[in-house]
Amino acid sequence: MSELFIYLMPVDWLVDPLTHEFMRRALMVSALVGGVCGLLSCFMTLKGWALMGDAVSHAVMPGVVVAYALGLPFSLGAFVFGVGSVALIGFIKQKSRIKEDTVIGLVFTGFFALGLVLVSKIKSNIDLMHILFGSPLGISRSDVNQTLIISFIVIIGLLLFRRDLMLYCFDATHARSIGINTGILHYLLLTLLSLSAVAGLQTVGIILVVSMLITPGATAYLLTDRFDRMTILAVISSSFSSILGVYISYWSDIETGGSIVLVQTFVFLIAFLFAPRYGILKNSNFVNSN
Amino acid sequence: MNPILKTQIKEKTILRIQADQVCVDYNGTVALYDASLKLQSGSICGLVGMNGAGKSTFFKALMGFVRPSRGRIRINGLSVTKAQREQFVAYVPQNEGIDYSFPVSVWDVVMMGRYGSMNIFRIPRESDRRAVIHALERVDLIDLRERPIGALSGGQRKRAFLARAIAQRASVLLLDEPFAGVDVPTEKLMAELFLQFRQEGRTILISTHDLNHVRDFCDFVVLINKTVLAYGETSEVFTSENLNKTFGGIPPNPLSGRRSAKDFPNE
Chain G
1 MSELFIYLMP
11 VDWLVDPLTH
21 EFMRRALMVS
31 ALVGGVCGLL
41 SCFMTLKGWA
51 LMGDAVSHAV
61 MPGVVVAYAL
71 GLPFSLGAFV
81 FGVGSVALIG
91 FIKQKSRIKE
101 DTVIGLVFTG
111 FFALGLVLVS
121 KIKSNIDLMH
131 ILFGSPLGIS
141 RSDVNQTLII
151 SFIVIIGLLL
161 FRRDLMLYCF
171 DATHARSIGI
181 NTGILHYLLL
191 TLLSLSAVAG
201 LQTVGIILVV
211 SMLITPGATA
221 YLLTDRFDRM
231 TILAVISSSF
241 SSILGVYISY
251 WSDIETGGSI
261 VLVQTFVFLI
271 AFLFAPRYGI
281 LKNSNFVNSN
Chain X
1 MNPILKTQIK
11 EKTILRIQAD
21 QVCVDYNGTV
31 ALYDASLKLQ
41 SGSICGLVGM
51 NGAGKSTFFK
61 ALMGFVRPSR
71 GRIRINGLSV
81 TKAQREQFVA
91 YVPQNEGIDY
101 SFPVSVWDVV
111 MMGRYGSMNI
121 FRIPRESDRR
131 AVIHALERVD
141 LIDLRERPIG
151 ALSGGQRKRA
161 FLARAIAQRA
171 SVLLLDEPFA
181 GVDVPTEKLM
191 AELFLQFRQE
201 GRTILISTHD
211 LNHVRDFCDF
221 VVLINKTVLA
231 YGETSEVFTS
241 ENLNKTFGGI
251 PPNPLSGRRS
261 AKDFPNE
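The listed protein sequences correspond, in order, to chains G and X. Numbered according to the working numbering, the first sequence terminates at residue 290, and the numbering increases by one at each position without gaps. Numbered according to the working numbering, the second sequence terminates at residue 267, and the numbering increases by one at each position without gaps.
Warning: the hint list may mix true and false statements.
[As the list claims (entries may be wrong)] Partial list, computed: chain G residues near chain X (C-beta under 8 angstroms):
#: 1; residue: I98
#: 2; residue: K99
#: 3; residue: D101
#: 4; residue: R176
#: 5; residue: F268
[Stated by the list, open to error] Covered by chain G, according to a simulated footprint, are these stretches of chain X (three or more residues, beta-carbon under 8 angstroms):
#: 6; stretch: 33-43
#: 7; stretch: 110-117
In case anyone wonders, no lab produced these hints; they're calculated from the structure. A quick note: this is a predicted structure, and the numbers were derived from the prediction, not measured. Cβ atoms here follow ideal geometry from the backbone N, Cα and C, with glycine treated the same way.
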């Protein structure tokens, strides 16, 4: 493998894969999904909804299986179960004395287990590995179309309502006191989260999709004190990581979802160490100089 | 417009806050009962009570976050929901209630006061920018407008949220523990601001257990312990008997100038 890196010029390294239809498609979908999840991840990290992201992304599993079995678009099933899980979490929390994080853990593992059982019971051509770990290199044309539609909806929703959602994350009390319906904003954000999770599982799979929904936002958060800049940085870092991850996966013949998430984590670590204001190296200098 | 409001405007005072026998309970637990209060325009009123006495419940009722199980609240003669839509009510939060690592600038925070008057996509117009600039000038933060909110001192943070209420052009201001963690210059500026607000006909309701500041700042005071124990001009209401009732026999004594227990966490 290392010979490839020696013999290929960087340009070839970039251009060669583009001669394949499946690679062009994979790169396009990965970049788009990366951007969409990156944008949403800003709201997730600022609202403190990382665990909620994890829950929704796992809870969509039975929805995907049922939709495939019934011949429906998988995104529809995933969406229904994603929103359903959140509603169930809210219901149990309200009706019992159990703390929220416990309820979240309880519900999403239950849904995920249901999905696993359904896959083993419903005899179909569903590839469990495909759902769990994603397969952007083998994505079908209809899946591409679904992903395009979902991405479009999420981007429009987030761009149009970014001010309200930002206010909701920052100071929900003020939002309510000036007559904004925060209940609608809450469910809008949850809906967009479910849709993003569906998009994200195309490229990195159910298990790793939470990384797409958190890491870019966390990285951007370390780099800026401006909300708009944070969203731009998150989108760029997420799309970049997705594209680079797919390339590395292609040349090194490694699992694509894992590759994308590893690049993303690596980008985060760089920000964690070297971020101009909030990187730990900067902080330790500051402490030493005092 | 209802006839009562009309005559009040003729007399140049408006009943800003009117609470009639308000009761609030959470799943059967009574948090507030028979709380009645009338506040005219241009008054500064302290809302004083222990933790759990119902101060925040009363605020929540005034902001429409909890629905009274009995009684009625009117703000500028309107129901709470309508008053909110008219941007009549501004809430200035406690410093502890805000995430100061949030990536927003002072300008962004004050602009949030304008959101309720903007269209659904919250695109600022020139008039919104002018309102923000004006509000920032009044709290003396115009030079710090580009700063992230987290880079401000405690007093500056408080001023930023006051500026948000000014930008909102609210006529009723609800302040939650506004004196906690505030430096001397900010306290002076707040004193001036409150007087200006009073002149402008705004009504300020200050929730606190800091009795010294109530004495210095407030024209009126409401003593609260699950209900309104006493209400009236500060000099008349602040008797040791009333304070005993409010604080259950162990009042921080305002007459000796000793500050409330909160200022001496080690005692």
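Quiz prompt | Satisfaction of the G:F268 interface hint, Cβ to chain X closer than 8 angstroms | solution = Result: violated, 17 angstroms to nearest chain X Cβ.
Quiz prompt | Coverage of the stretch 110-117 of chain X by chain G, judged on three or more residues with CB within 8 angstroms | solution = holds (count 4)
Exercise. Under 8 angstroms, Cβ to Cβ, is where G:I98 needs to be relative to chain X, so tell me if that hint holds or is violated.
Key: violated (16 angstroms)
Self-check item: Status of the hint placing G:R176 at chain X (closest C-beta pair under 8 angstroms)
Solution: With a closest approach of 6 angstroms, the G:R176 hint holds.
Quiz item: Has the stretch 33-43 of chain X got at least three residues whose CB is nearer than 8 angstroms to a CB belonging to chain G?
Solution: The restraint on the stretch 33-43 of chain X is violated, since only 0 of its residues have a Cβ under 8 angstroms from chain G and three are required.
Quiz prompt | Cut-off 8 angstroms, beta-carbon criterion: hint that G:D101 touches chain X | solution = Violated, about 19 angstroms.
Self-check item: Hinted contact G:K99 with chain X - closest CB pair below 8 angstroms
Solution: violated (18 angstroms)
In the structure shown, a violation is registered for the earlier hints numbered 1, 2, 3, 5 and 6, in ascending order.
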